[in-house]
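Chains as they are written, first to last, in numbering that gives the first Met the number 0: chain F, 0 to 637; chain P, 0 to 193.
Quick caveat, the hints were computed from the structure, so don't treat them as lab data.
We treat Cβ as the ideally placed atom computed from N, Cα and C, and that holds for glycine.
Any given hint could turn out to be false.
[To be verified] As a list, the in silico SDA-like pairs of lysine to any residue whose alpha-carbon atoms are at most 20 Å apart:
id: 1; chain 1: F; residue 1: LYS300; chain 2: F; residue 2: THR314
id: 2; chain 1: F; residue 1: LYS368; chain 2: P; residue 2: LYS125
id: 3; chain 1: F; residue 1: LYS368; chain 2: P; residue 2: PRO91
id: 4; chain 1: P; residue 1: LYS87; chain 2: F; residue 2: TYR376
id: 5; chain 1: F; residue 1: LYS368; chain 2: P; residue 2: GLU29
[Stated by the list, open to error] Not everything, but these chain P residues come out facing chain F in the computed CB check (under 10 Å):
id: 6; residue: GLY12
id: 7; residue: PHE79
id: 8; residue: ARG107
id: 9; residue: ILE112
id: 10; residue: GLY139
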Amino acid sequence: METRISQDAPGKRVLLLGNEAVARGAIEGNCQFASSYPGTPASEILEALASASKDLGIYAQWSTNEMVAVWSAAGATYCGLRSLVSAKHHGAAWMTDPLINFSHWQIGKGGLVVAIGDDPQGHSSSNEFDSRNLASKVFEIPILEPADPREAKDFTKLGFELSERLKSPIYVRLTTRVCHATMDVVLGELPKEKRSPDYYPTTVELGMEMIQKFGWVNMAYLHERIHKKRLKEASEVSNKFPGNVLKMDGDERIGVIASGVCRHYVEEALNKLGIHAAFMQLGMSFPLPTKKINKLLGSVKKVVVFEETDPFIETEIRSYAKDVAPNVKILGKINGFTPVSGELNVREVIKTLSNTLGKPIPLLPKRSKIKKEITPYQGIRRIGLCPGCSHRAAGYAVKKATRDLGIDYIGIGDIGCYGMMGLPPLVSFMLTNCMGGSIGMANGMAKTGVNKPVIAFIGDSTFYHAGVPSLINATFNNAKFITVILDNRVTGMTGFQPHPGSGYTAMEDKTKRVDLEALVRACGVDNVEVLDPYNIAKSIDGVKRVLEGQEASVIIFRRLCSTEFLRRRRKQGLSLPRPFAIDPSLCDGCRTCIDEFGCPAIIWDDKTGKAFIDDALCMGCGNCAQICPEHAIKVVKK
Amino acid sequence: MNDNINIIVVGVGGQGNVMAARLIGDAAIEAGYHVAMGETHGAGQRGGAVSSHVRLWKKVSCGPLIPEADADAVLGLEPFEALKCATKFLKPNGIVVTNECPVMPSDRNYLEISKIFNLLKKIPAKVFSLDGTSLAKEVGDVASLNIVMIGSAYRAGILPVKEKHLKNAIKDRLSKAVDLNFKAFAAGKNAVKK
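Pulled out of the complex, with its shape left as it was, chain F reads as follows (with noise of 0.2 Å):
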């Protein structure tokens, strides 16, 4: 079926977001292989080119993890298609010793593009680390900085050109503001021809080329090759690079430059404030356009360096700077001109501008009579579970069955939606690190002989990305800690994609179940309960069980993420649960359902001291109704 994304329409003009953007620019550059797990802000990427993949015959695929993904894009490169690698920072660095390889020892003959979404401010990771330099510096790969859905359909496109021209796999390096931003965008030619799969080994010419110089492979001279070679052609291609513009009116003040989504924020400040300035916008920021930066250090006496996260650029052109041009002053995050964490916008260029040129900032209203009425109000929204979620009631199951037992557990948690168990009410955990990082501190923990028994808490995606390794280890080195399996069936935090246990693919074929029990076994551990978090005094009973043996041990609890369960019923136009409802003359106002549960549908009532059900947020699980002392929750009839 024809998508929005796969269109044949050259020249239509359509509303894409960055992500989309990103996929049609992969279309439109002869893009055949696809690979991704998926994160915030990136997932769209992927999901969109797997909706195009069977109208234009291209093969896209949710991965176990990024490391596995960037393999597999890089070797389809080896069989001469070009590729997509996609991600969230996180799983650049998740694709780095990979990187690093492909790097030095050559892609094959298919170009190879990484396309990665950098979440300054940290809207929706868990922290906001820039990888360009990992892409500048650990990876030593060209980066691009589109500023747009527009620039990040045509420097995907561009990307793949230059990545089988240097030889080198491409970085499009994305933020939120990219990858989240909608835009019309004009829609390309579509490839006229695809290419035939055909293994060639690039990696043989270089070994060749180096065992007649050295004898033997010299990993320095493939280093030597990615400085003396690929960086010196790649810098020739970044003066020349369509999204390099130096605009210069001669009647400039000072130099400005910047990359990504910051160019439209300097661009949108320079006209509010009038301001003539010599701007440099960076859409391929590594390596530099040397001699477009040499103009703009050629004329004006200050330069300011706007960008997001880190000082990346800033610090190039310091450096750069310090030789060529030494009087002139570079501004930025180093010396405190602009903020050195989190995301710009217009009014913080226009801060910084301003105080540059020692104009006043422009007053914006103040409203601080209304800003005081509503400030008590601002937090009323609270982050959490959706209502009929899994997650809870497996967490209300182990607090129950750990407080029955009066034992004091160190629990840890690890990413996706389960990370909200931490909060109140539940707090099923208080620490929690990175991908897998819940068995893997269990490990450490459980070997400390520290007096608590550990769980560590782990969703079913999450475990197949990056918990095996942990949990074998801990088989392997006699860890005894407790492993909660949260198997809701898909990757819930960043849309329900389907992962190894899903039993479909990105592609919606079919495709056989990885199974979690058989899985777990395999990794050494005996013991493994399976419980049903919808059934909450069985569930009780199970961790009890687990509590009081001594072995190592895994709880699955399995249960289809209640979001993803109504939105198969509607897309299927079946039936949804009735709601619940809570019977006021039972009620007696013990807020058990409140502090110890706390569905988003439960409402207290504080005229009434009793607390009530919004069916327009119920989701009909029941669980509320097995948890209540009163028995006063019970269906709606018809």
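Use these hints to put chain P onto chain F, whose structure you have.
Then chain P, alone, in the frame of chain F:
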């Protein structure tokens, strides 16, 4: 100088504000505008505040986010979120079109409705309000609230497009429920007195 028109669609996750913004974007393309849009989310994934910034222009392009106090109009699917958003983003004497029906938080800690409307006027803003939630229920599906509100926004004059552009966008994106959504559009449109 910038020639852009800035509109923010704000509400609570699940009310369909991102879809509303996309429909406005599609219609604007047909009306000959360029479009840039951005989304901002509060702390909540579902049930948290969500706003979609819609920026339209003909000559000078712009980024996806509207600067503070630079929105020409705020379209609120939820009254408190409309107030919060307008306080930060609305130009003085801008326009607010909002649903009157609140989405209550679990602990019912919520600013009085009458106070919300008093404060909105103090921004200062020209305010159009309607009980969009009830209208959507009357039409047959509370999920059509976003389309009811697009109808009212159109009548209030904050969308620089023709009715047919919006209807084409609805036909294209919501092809499974065109009749219901056309009814919702009409209900919202008729509920605003200019």
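Hint check:
Among the hinted pairs, LYS300 of chain F with THR314 of chain F is consistent with the structure: their alpha-carbon atoms are about 18 Å apart, no more than 20 Å. The straight-line distance between the Cα atoms of LYS368 of chain F and LYS125 of chain P is roughly 18 Å, inside the 20 Å bound, and the hint therefore holds. The straight-line distance between the Cα atoms of LYS368 of chain F and PRO91 of chain P is roughly 15 Å, inside the 20 Å bound, and the hint therefore holds. Between LYS87 of chain P and TYR376 of chain F, the direct Cα distance comes to roughly 15 Å. Compliance with the 20 Å bound is thereby established for this hinted pair.
For the given pair, LYS368 of chain F sits about 41 Å from GLU29 of chain P by alpha-carbon distance, which is inconsistent with the 20 Å threshold. Hint status for GLY12 of chain P: holds, given a least beta-carbon distance of 9 Å to chain F, under 10 Å. For PHE79 of chain P, the interface hint holds, since its Cβ comes within 10 Å of a Cβ in chain F; the closest pair sits about 7 Å apart. Given the 10 Å rule on beta carbons, the hint for ARG107 of chain P holds: about 6 Å separates it from the nearest Cβ of chain F.
Taking 10 Å as the C-beta cut-off, the interface hint given for ILE112 of chain P is violated, the closest approach to chain F being about 12 Å. Nearest Cβ of chain F to the Cβ of GLY139 of chain P: about 15 Å, over the 10 Å cut. The hint is violated.
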